[in-house]
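Given chain D, put chains R, V and F in place with the hints provided.
Protein chains: 4
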Amino acid sequence: MKKLRCGLIGATGLAGQQFVSALKDHPWFELTGLAASPRNAGKSYAEALKAPNGMMGWFLAEELPAHIAKMTVQAGAELKAQDFDLVFSAVESDVAKELEPKLARDIPVISAASAFRYEEDVPLLIPPVNADHSRLIETQKKRRDWKGFIVPIPNCTTTGLAVTLAPLESAFGVQAVMMTSLQAVSGAGRSPGVIGLDIIDNVIPHIAKEEGKVEIETKKILGGIQTPHGVKVSCTCTRVAVLEGHTEAAYVGLKKKASVQEVSAAMREWKGHEAARGLPTSPKHWVSVSDDPFRPQPRLDRDAEGGMTTSVGRIREDGVLENGVKYVLVSHNTKMGAAKGAVLVAELLKQQGFVV
Amino acid sequence: MKKLRCGLIGATGLAGQQFVSALKDHPWFELTGLAASPRNAGKSYAEALKAPNGMMGWFLAEELPAHIAKMTVQAGAELKAQDFDLVFSAVESDVAKELEPKLARDIPVISAASAFRYEEDVPLLIPPVNADHSRLIETQKKRRDWKGFIVPIPNCTTTGLAVTLAPLESAFGVQAVMMTSLQAVSGAGRSPGVIGLDIIDNVIPHIAKEEGKVEIETKKILGGIQTPHGVKVSCTCTRVAVLEGHTEAAYVGLKKKASVQEVSAAMREWKGHEAARGLPTSPKHWVSVSDDPFRPQPRLDRDAEGGMTTSVGRIREDGVLENGVKYVLVSHNTKMGAAKGAVLVAELLKQQGFVV
Amino acid sequence: MKKLRCGLIGATGLAGQQFVSALKDHPWFELTGLAASPRNAGKSYAEALKAPNGMMGWFLAEELPAHIAKMTVQAGAELKAQDFDLVFSAVESDVAKELEPKLARDIPVISAASAFRYEEDVPLLIPPVNADHSRLIETQKKRRDWKGFIVPIPNCTTTGLAVTLAPLESAFGVQAVMMTSLQAVSGAGRSPGVIGLDIIDNVIPHIAKEEGKVEIETKKILGGIQTPHGVKVSCTCTRVAVLEGHTEAAYVGLKKKASVQEVSAAMREWKGHEAARGLPTSPKHWVSVSDDPFRPQPRLDRDAEGGMTTSVGRIREDGVLENGVKYVLVSHNTKMGAAKGAVLVAELLKQQGFVV
Amino acid sequence: MKKLRCGLIGATGLAGQQFVSALKDHPWFELTGLAASPRNAGKSYAEALKAPNGMMGWFLAEELPAHIAKMTVQAGAELKAQDFDLVFSAVESDVAKELEPKLARDIPVISAASAFRYEEDVPLLIPPVNADHSRLIETQKKRRDWKGFIVPIPNCTTTGLAVTLAPLESAFGVQAVMMTSLQAVSGAGRSPGVIGLDIIDNVIPHIAKEEGKVEIETKKILGGIQTPHGVKVSCTCTRVAVLEGHTEAAYVGLKKKASVQEVSAAMREWKGHEAARGLPTSPKHWVSVSDDPFRPQPRLDRDAEGGMTTSVGRIREDGVLENGVKYVLVSHNTKMGAAKGAVLVAELLKQQGFVV
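These protein sequences, in sequence, are chains D, R, V and F.
Taking our numbering as reference, the numbering of the first sequence is continuous, increasing by one, and the terminal residue is 356.
Taking our numbering as reference, the numbering of the second sequence is continuous, increasing by one, and the terminal residue is 356.
Taking our numbering as reference, the numbering of the third sequence is continuous, increasing by one, and the terminal residue is 356.
Taking our numbering as reference, the numbering of the fourth sequence is continuous, increasing by one, and the terminal residue is 356.
Same shape as in the complex, but just chain D (with noise of 0.2 Å):
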């Protein structure tokens, strides 16, 4: 089989750099071309990747590929439609919302921008949660008149969220939500980052706009295709000194009754949807729960079957909500919650037909 032409806008950054090795060895997908700000255009990649200073810029502990350090870097605005047959987005916001319909008229655009997520003819997808609504892409095209279209992934912290919730709301119903998230330093990428005067013997209470996006994401990601699902949602995102992993605590109110044991039992024995078993970068379990009650812990967890699984534990009666259970889970922000959950849905969307 030919693998898919992919590029990779903002690839020199952190997320950017995590789209390279998600990508590395992929079976179906292979990348071809990488863009940056126009500063570095022309480059080889390592070349863009390095500071004045002499330090090499590769933040990640495994080598950079060496076809790839080699690769010239474009301009994003440069990059031609026509060499690509999917482009990966790890771009900011701001340079999303310009780049990524422009690319979109011609081929598909799957980001980890948030500029897109909200708009109503645009999926969110986790593909284990709600692989059904890419139909949605039929919409978005006709609509914009786009050959193409932009697929976003959710913020990392509504993630593994959303991927514990699933397995509730099909057995049970969910009715309300609360969540406090002790996130990792790599959520913030590294211009500026989280520095360590602020987080060393330190938790830094508060990131701006990650509790409103964890509840419109929440809503969208588990309602229908156009209907935000009804539950409730409250949030509060704390950052803690951990390099990678999202811990966050959650209180669900069911709207059926379960025990303890069934809660634990919908979580085990989900199997997400079908669509989303068996490909490349699927784990063989969306979720583990621990009987351990220190785990999960996001050292020790995070990176469980290659960083997309998300590990639960401490299942417990939780007494105020009506039909109250809560559990600790863990979460990859930058791996399921970032790049490697976009090559996730890229390779859903190629196996659904809406990549070619």
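Read the hints as simulated data drawn from the structure, not as lab findings.
From a predicted model like this one, the values you see are computed outputs, not experimental measurements.
We put the beta carbon where it would ideally sit given N, CA and C, even for glycine.
Be aware that one or more of the hints could be misleading.
Quick list of simulated restraints, FRET-style, between CB atoms [stated by the list, open to error]:
{"no.": "1", "chain 1": "V", "residue 1": "Ala75", "chain 2": "D", "residue 2": "Tyr118", "range": "36 to 44 Å"}
{"no.": "2", "chain 1": "D", "residue 1": "Glu63", "chain 2": "F", "residue 2": "Asp25", "range": "21 to 29 Å"}
{"no.": "3", "chain 1": "F", "residue 1": "Arg5", "chain 2": "D", "residue 2": "Arg268", "range": "34 to 42 Å"}
{"no.": "4", "chain 1": "D", "residue 1": "Glu120", "chain 2": "F", "residue 2": "Lys284", "range": "53 to 61 Å"}
{"no.": "5", "chain 1": "V", "residue 1": "Glu78", "chain 2": "D", "residue 2": "Ala41", "range": "33 to 41 Å"}
{"no.": "6", "chain 1": "D", "residue 1": "Lys257", "chain 2": "F", "residue 2": "Asp25", "range": "42 to 50 Å"}
{"no.": "7", "chain 1": "R", "residue 1": "Lys70", "chain 2": "V", "residue 2": "Asp25", "range": "28 to 36 Å"}
{"no.": "8", "chain 1": "R", "residue 1": "Lys256", "chain 2": "F", "residue 2": "Lys70", "range": "57 to 65 Å"}
{"no.": "9", "chain 1": "D", "residue 1": "Ala75", "chain 2": "F", "residue 2": "Ser191", "range": "52 to 60 Å"}
{"no.": "10", "chain 1": "D", "residue 1": "Asn53", "chain 2": "V", "residue 2": "Gln352", "range": "38 to 46 Å"}
Coordinates of chains R, V and F only, in the frame set by chain D:
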């Protein structure tokens, strides 16, 4: 005025050292006896602290007062009640169970241990919140036929929560509380405490027994003298890589609807119980409220007014609980929540005539 | 006594905030003018600190003094020399290069920037070490035809090293120094500073230009007024996950053999230059020596005597260098090594009549 | 090929768990017996790991292999030599002193403990550095009249240093070494290990006995089979807030002058002892050299080639030592420096015919 003679049991542990610090230069109290485990009996306090490997074993950044360093340590069981006007207890719960009642036969014991917190005739005191609960001491003395008594302070995680709930209870009534804590490692002490391998780049999602303590203690403190409050409480207690200062994300269902401004005003203007004002260890403000969305932070706010002020921020509406509001608080777990909080209780009891 | 009127350029940055703190309640000096970048000109200091996202931007745990909060910020270039008796400079080196000489034409400038440190007619002052170097000010004024002058303080990493070398130089002579530093993140400031993603669970083995600075500055400080000391210096400067306080492992080859006891005594008994004793910011001990093998530690020792004492421990023989001894030191990089160190220099210069 | 039957003593501790991981899927060795303290005898390994509070007690991020989880744990003293072809030892030094000689009477013991490292007839093996030292095993067996033998690996801090000194010794000769280490907390294990309260926002400037170990071991490893090398070694060993990977700043005086390029080339091109190449656990490069001035970093480089490569950077001239060069290295203290390093030794000894 002659200072009251105070004994301290559990003097060598971290909690004990914090009592030494809290009582240093106290206008009313003077440490005149130190007790620890039998193997340290007969040594000077400085010697008793010293580890075999040469480490000093005094873990506070401030200097160990020279006259305390020279005091001779006794075995806890050898302490003679007649030498003291009151005793502070910093021992573990199992030791407290034996030692505290023995001393309480003759003199007041103010304890940081949980051993007697849940007994019906034992008040759980936070002076600004429930100073009147001290009346229960009479019942306790009569019932147990003691000349002294035991008054424990609450768990450090309860303290911050209860201090912020008190103004809400008094202004609007409180019917439900959900709280996720991000607790400092100092709360676990040093033997063994939380090890670096577990907490660096990590969150530990469970603290044994902590959630149950907060749920029961909150009801006891906010309730009548012998009638627990009817509020529903549900918690998730986690540990983060913070040295001192517990951060708590609270969601509160009020009895009466109140705006964010009203909630903020209720906290800002709260004076606390009259009997608790103006004590040597009382801060000017029991609660301070910040408008900076990035506050409170444990590192910046834990030491507010000597670690005795609870810092609140991010007051917002909550859309899930009835008349819901949410906020974040920071409380100094080893000052207001431990040794200094216990000293504050002793001050209150002296003021009220229970300690003479 | 009327206090001297002090201006502060670079007032809004982290270094500037530390000057605000160091000058609060100073008996001789009073902050009467604050300058920052033009975009903040005309705002109150509190407003100038405020970030667009609502963050207060005052990063110290102590409160911003109310009267300073209200002061109006000027653009650095607009500052009028006649309004001040001296100016403290907390700007970056490139801004210093322009702004400091402009001011120095008329008034003394005490600077934390490196811009003029290596000029022949500029003394690099650590008051207890080389208070007599201030005589070079005369040469500077004459040669540049200035009414004022520029006196920079050394790099914060040099300071701790030089303070501990001075007693050794004076007692035994120093011929070679090797030093590996474990530096705090505060040394890098906040824009961009060291990001959490780089320093959590990590060491950064390089700090741009730092090693060269330490090597040159150490020779200049320990040397004669215009003759660098002949000591050989070799360093490795690294960054660790510490907020404040540089730790340095030093290995020193003495000119004259000395035992560990003699080295320890030389440091303990060192009084520093007479002119530096008893200044408002002088500590009682420039160097303190611990016998605890686990000290000094940055968190426990950085704040010794207001952050002005250099803490030394682990003095041992070194078997490689001729007459070698080795030890570990902790120096507060943003107190003795920055703002408070600069204020100490100003105090010395006032005492010596250079600042009036 | 039938795999050799391996026993593991000290199986439940952190070091033991790392042996379990290192031996998982090993092509030559198979774990067929696990031993721990008598109180765990008779339990399954999973049960033996379990803490009373419900914590699983398996501390690696990878999963505990299911067939190992089910193996029955024996008391160390009950282990029967005839059941094994060799035994790996992960016990503490005092237990090693008793248990290892008992086993060595009959079978080879490869040990991570320090108990026998300094005995004259015991080789201290780092396969690429001194594979030929294994000949000392003959002497040991004869002298002690054992059928088996004991071969310990060096201290983890020595390993990284010795691996980088070996190419320098071979190319230029080494006459003096000064080294300051910034060591990871994993080196201290878990009981009690380094507590979070001591290491967050801190450096601990002392690790008991570590410096002496590095000094003696380096001479033994670089020396002849029974003649320590004459190199002078002086160290300062510190602990920093890093999970895994020791960072060391080394200063080396060579016998023959060499440029930075020559030193770099010597390290890059070093193949190590022939007998150590191509073993199952051998990396392709024993040493890798980076030109990025910000490398090596423990978090980014510790896992290079499965944690078996020592990463070097910042090679510079040193102006103090004769023919001095300096560099920074990162070595994985619990892989190359512990369990995997011991497995590598076992592989070498099998290759050489000492283990059959």
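Quiz prompt | Distance restraint hint 57 to 65 Å, applied to the beta-carbon atoms of Lys256 (chain R) and Lys70 (chain F) | solution = The hinted range 57 to 65 Å holds for Lys256 (chain R) and Lys70 (chain F), with Cβ atoms some 59 Å apart.
Exercise. For the range 53 to 61 Å, tell me whether the beta carbons of Glu120 (chain D) and Lys284 (chain F) fit it or not.
Key: holds (54 Å)
Self-check item: Ala75 (chain D) paired with Ser191 (chain F), Cβ distance criterion 52 to 60 Å
Solution: Cβ of Ala75 (chain D) to Cβ of Ser191 (chain F): about 56 Å, so the range 52 to 60 Å holds.
Quiz item: Do the Cβ positions of Asn53 (chain D) and Gln352 (chain V) conform to the proposed distance bound of 38 to 46 Å?
Solution: Given range 38 to 46 Å: holds, Cβ gap about 39 Å.
Practice problem: Just tell me: holds or violated, for the beta carbon distance of Ala75 (chain V) and Tyr118 (chain D) against 36 to 44 Å? | Solution: At 41 Å between Cβs, range holds.
Quiz item: Does 34 to 42 Å hold as the CB distance between Arg5 (chain F) and Arg268 (chain D), or does it fail?
Solution: holds (37 Å)
Exercise. Go ahead and decide if the range 21 to 29 Å is satisfied by the Cβ distance of Glu63 (chain D) to Asp25 (chain F).
Key: holds (23 Å)
Quiz item: Cβ-Cβ distance between Lys70 (chain R) and Asp25 (chain V): within 28 to 36 Å?
Solution: holds (34 Å)
Quiz prompt | Outcome for the supplied range 33 to 41 Å, where the beta carbon pair is Glu78 (chain V) and Ala41 (chain D) | solution = The hint (33 to 41 Å, Cβ to Cβ) holds, given that Glu78 (chain V) and Ala41 (chain D) are roughly 40 Å apart.
Quiz item: Does the Cβ pair Lys257 (chain D), Asp25 (chain F) satisfy 42 to 50 Å?
Solution: holds (46 Å)
Every hint, counting from the list given before, is met by this structure.
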